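Student: Let chain A serve as the given structure and place chain B on it in line with the hints.
Protein chains in written order, with the working numbering: chain A, 1 to 232; chain B, 1 to 232.
Because the hints were derived from the structure by calculation, they are not lab data.
Just so you know, not all the hints are guaranteed correct.
Pairs count within a copy or across copies, as identical chains cannot be separated in the list.
Stated by the list, open to error - Below are the DMTMM-like pairs computed for lysine to aspartate or glutamate, each with C-alpha atoms no more than 20 Å apart in a straight line:
(1) 93 / 164
(2) 54 / 229
(3) 93 / 230
(4) 89 / 99
(5) 89 / 118
(6) 54 / 99
(7) 54 / 150
(8) 93 / 139
(9) 93 / 118
(10) 54 / 118
(11) 54 / 139
(12) 54 / 140
(13) 54 / 218
(14) 54 / 142
(15) 54 / 192
(16) 89 / 193
(17) 54 / 169
(18) 89 / 158
(19) 93 / 150
(20) 54 / 193
(21) 93 / 169
(22) 89 / 164
As the structure is a computational prediction, the values presented were derived from the model and not from experiment.
Number of protein chains: 2
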Amino acid sequence: MCRTEVRIKAMSQFELVIGNKNYSSWSLRPWLVLRHFRIPFTECRIPLYQGDSKAALLEHSPSGRAPVLHDGTTTVWDSLAIIEYLVEKHAEKGIWPVDREARAIARAVSAEMHSGFEALRTHLPMNCRARGRIRALTEEAERDVMRVQEIWTSCRREFGDRGEWLFGDFSAADAMFAPVVIRFSGYGIRCDERGSAYVDFVLGHPALQEWMNHAQGESEIVEELEVGEERE
Amino acid sequence: MCRTEVRIKAMSQFELVIGNKNYSSWSLRPWLVLRHFRIPFTECRIPLYQGDSKAALLEHSPSGRAPVLHDGTTTVWDSLAIIEYLVEKHAEKGIWPVDREARAIARAVSAEMHSGFEALRTHLPMNCRARGRIRALTEEAERDVMRVQEIWTSCRREFGDRGEWLFGDFSAADAMFAPVVIRFSGYGIRCDERGSAYVDFVLGHPALQEWMNHAQGESEIVEELEVGEERE
Numbered sequence: 001m002c003r004t005e006v007r008i009k010a011m012s013q014f015e016l017v018i019g020n021k022n023y024s025s026w027s028l029r030p031w032l033v034l035r036h037f038r039i040p041f042t043e044c045r046i047p048l049y050q051g052d053s054k055a056a057l058l059e060h061s062p063s064g065r066a067p068v069l070h071d072g073t074t075t076v077w078d079s080l081a082i083i084e085y086l087v088e089k090h091a092e093k094g095i096w097p098v099d100r101e102a103r104a105i106a107r108a109v110s111a112e113m114h115s116g117f118e119a120l121r122t123h124l125p126m127n128c129r130a131r132g133r134i135r136a137l138t139e140e141a142e143r144d145v146m147r148v149q150e151i152w153t154s155c156r157r158e159f160g161d162r163g164e165w166l167f168g169d170f171s172a173a174d175a176m177f178a179p180v181v182i183r184f185s186g187y188g189i190r191c192d193e194r195g196s197a198y199v200d201f202v203l204g205h206p207a208l209q210e211w212m213n214h215a216q217g218e219s220e221i222v223e224e225l226e227v228g229e230e231r232e
Numbered sequence: 001m002c003r004t005e006v007r008i009k010a011m012s013q014f015e016l017v018i019g020n021k022n023y024s025s026w027s028l029r030p031w032l033v034l035r036h037f038r039i040p041f042t043e044c045r046i047p048l049y050q051g052d053s054k055a056a057l058l059e060h061s062p063s064g065r066a067p068v069l070h071d072g073t074t075t076v077w078d079s080l081a082i083i084e085y086l087v088e089k090h091a092e093k094g095i096w097p098v099d100r101e102a103r104a105i106a107r108a109v110s111a112e113m114h115s116g117f118e119a120l121r122t123h124l125p126m127n128c129r130a131r132g133r134i135r136a137l138t139e140e141a142e143r144d145v146m147r148v149q150e151i152w153t154s155c156r157r158e159f160g161d162r163g164e165w166l167f168g169d170f171s172a173a174d175a176m177f178a179p180v181v182i183r184f185s186g187y188g189i190r191c192d193e194r195g196s197a198y199v200d201f202v203l204g205h206p207a208l209q210e211w212m213n214h215a216q217g218e219s220e221i222v223e224e225l226e227v228g229e230e231r232e
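Same shape as in the complex, but just chain A:
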């Protein structure tokens, strides 16, 4: 179904339709879940913010937005709904934490990210190529940044004993916050010690590095998402 760009990887059960890797924070989330858990999938990239983006996306999903997952004749859209679909299809992978309470909190912080943080998202658009920039924060964005760090700190403190991820092992919650990590890193947002350690750890994930390397190679420039000033 992907007519816009050449398919990457061999035939597999799932096809994930994504936007530009440089800008599409929603696309990154299920992509990272698929990659981390080594679930085979075909990737279909549709550059967003171009004249025919909407029409191309509407061929894949009635929402007209990326990401979209195709699984045979089933089409699922929205990052969180795609993740829940993968959770059901791959129950053995532990995409959410295995412990019930940890899983409940992982879903809570992921849903909070999914529906909120408007100021952070608007003021600090994800831009993988924005390295070493500075962006002064609005009051609302500052509040969002504080809340994100509070989430990271409390998850790590209460559930993070077994590893470096929010709930010890990697889970969908880390995927939900990965675009925030890229934003914090790219715009020089200062974190406390735990927050900084988490940012560095996430950035070092091979799958995230793969995504960011691909983003470097993309040619589309969307001016309104090129915010922040170069650091002196």
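Tutor: Leaving out everything else, chain B in the frame of chain A:
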């Protein structure tokens, strides 16, 4: 834990913290799921938009927002995460559709509602007491209204054979769209035939009527949420 208002109903496993029934669309969603599926719960109402609302909510959840679900020592926040928690605790209830594809689409449209429709939410704030008003739509709100109807129509057409709800039987997806039904009804938003039938059907649900009756009895008036003009 609810110190703000007297608890309603007898002791039960779950306590749901909600905002004003008149205004808190997010609170309505898990409340309706609990009520429809006859899952016993204690209700704790914290009027929002008052001076001490935030502090009162922070006693219940680190997000400082309603709704919040307490289950013993476990605290879950965010409407969608609460619903997924109830889905796990009451697998026998069929809170999402039983069929896998229907369930995937139900989660997709619910997640789309959860993270999107900003124009609709801002321009048409939920207000259970706003009966017979008229509200001119902005272009963005008009697009949201169209998309909502498209969702309703496609779900009813593809999965609604067995009943009057989006997926035949009542599911969490209907709860996610219930506040939109109240908005459409209250502000005189015209729907196509199928949409109008769905709006009327949802409004007739005894649990929704119970919620709206309670809302009528609330005394708090939040001026910025009192939009729309009375019909002549």
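Student: Look at each hint and say if it fits the structure.
Tutor: Okay, the hints, checked on the actual structure:
1. In this assembly of identical chains, residue 93 and residue 164 lie within 20 Å of each other by CA distance solely inside one copy; the values are 18 Å within and 37 Å between copies.
2. Within a single copy, residue 54 and residue 229 get their C-alpha atoms no closer than 30 Å, and across copies no closer than 35 Å, so neither meets the 20 Å cut-off.
3. When the C-alpha separation of residue 93 and residue 230 is checked against a cutoff of 20 Å, the pair qualifies neither within a copy, at 41 Å, nor between copies, at 55 Å.
4. Proximity of residue 89 to residue 99 under the C-alpha cut-off of 20 Å is found in both arrangements, the shortest distances being 19 Å within a copy and 13 Å between copies.
5. Within a single copy, residue 89 and residue 118 get their C-alpha atoms no closer than 31 Å, and across copies no closer than 31 Å, so neither meets the 20 Å cut-off.
6. In this homomeric assembly, residue 54 and residue 99 never come within 20 Å of each other (Cα to Cα): the closest approach is 40 Å inside a single copy and 30 Å across copies.
7. For a Cα distance limit of 20 Å, the shortest separation of residue 54 from residue 150 across copies, 16 Å, qualifies, whereas the shortest one inside one copy, 36 Å, does not.
8. In this assembly of identical chains, the alpha carbons of residue 93 and residue 139 never lie at most 20 Å apart, being 40 Å within a copy and 44 Å across copies at closest.
9. With identical chains, the CA atoms of residue 93 and residue 118 are never at most 20 Å apart, being 31 Å at best within one copy and 34 Å at best between copies.
10. When the C-alpha separation of residue 54 and residue 118 is checked against a cutoff of 20 Å, the pair qualifies only between copies, where the shortest distance is 19 Å, while the shortest distance within a copy is 22 Å.
11. Only between protomers do residue 54 and residue 139 lie at most 20 Å apart by alpha-carbon distance; the minimum there is 17 Å, versus 33 Å within a single protomer.
12. In this assembly of identical chains, the alpha carbons of residue 54 and residue 140 lie at most 20 Å apart only when taken from different copies (16 Å versus 30 Å within one copy).
13. Proximity of residue 54 and residue 218 under a CA criterion of 20 Å is satisfied intra-copy only: 19 Å inside one chain copy versus 44 Å between copies.
14. In this assembly of identical chains, residue 54 and residue 142 lie within 20 Å of each other by CA distance solely across copies; the values are 18 Å between and 32 Å within a copy.
15. Proximity of residue 54 and residue 192 under a CA criterion of 20 Å is satisfied in neither setting, with 40 Å inside one chain copy and 25 Å between copies.
16. For the homomeric pair residue 89 and residue 193, neither the shortest alpha-carbon distance inside one copy (37 Å) nor that between copies (37 Å) is at most 20 Å.
17. For the identical chains of this complex, residue 54 and residue 169 are neighbours neither inside a copy (37 Å) nor across copies (33 Å), given an alpha-carbon limit of 20 Å.
18. For the homomeric pair residue 89 and residue 158, neither the shortest alpha-carbon distance inside one copy (28 Å) nor that between copies (22 Å) is at most 20 Å.
19. Proximity of residue 93 and residue 150 under a CA criterion of 20 Å is satisfied in neither setting, with 27 Å inside one chain copy and 35 Å between copies.
20. Taking identical chains as interchangeable, the C-alpha atoms of residue 54 and residue 193 are never at most 20 Å apart, the minima being 41 Å within one chain and 28 Å between chains.
21. Only within a single protomer do residue 93 and residue 169 lie at most 20 Å apart by alpha-carbon distance; the minimum there is 11 Å, versus 31 Å between protomers.
22. For the identical chains of this complex, residue 89 and residue 164 are neighbours neither inside a copy (26 Å) nor across copies (29 Å), given an alpha-carbon limit of 20 Å.
The structure is inconsistent with the numbered hints 2, 3, 5, 6, 8, 9, 15, 16, 17, 18, 19, 20, 22, although it conforms to all the rest.
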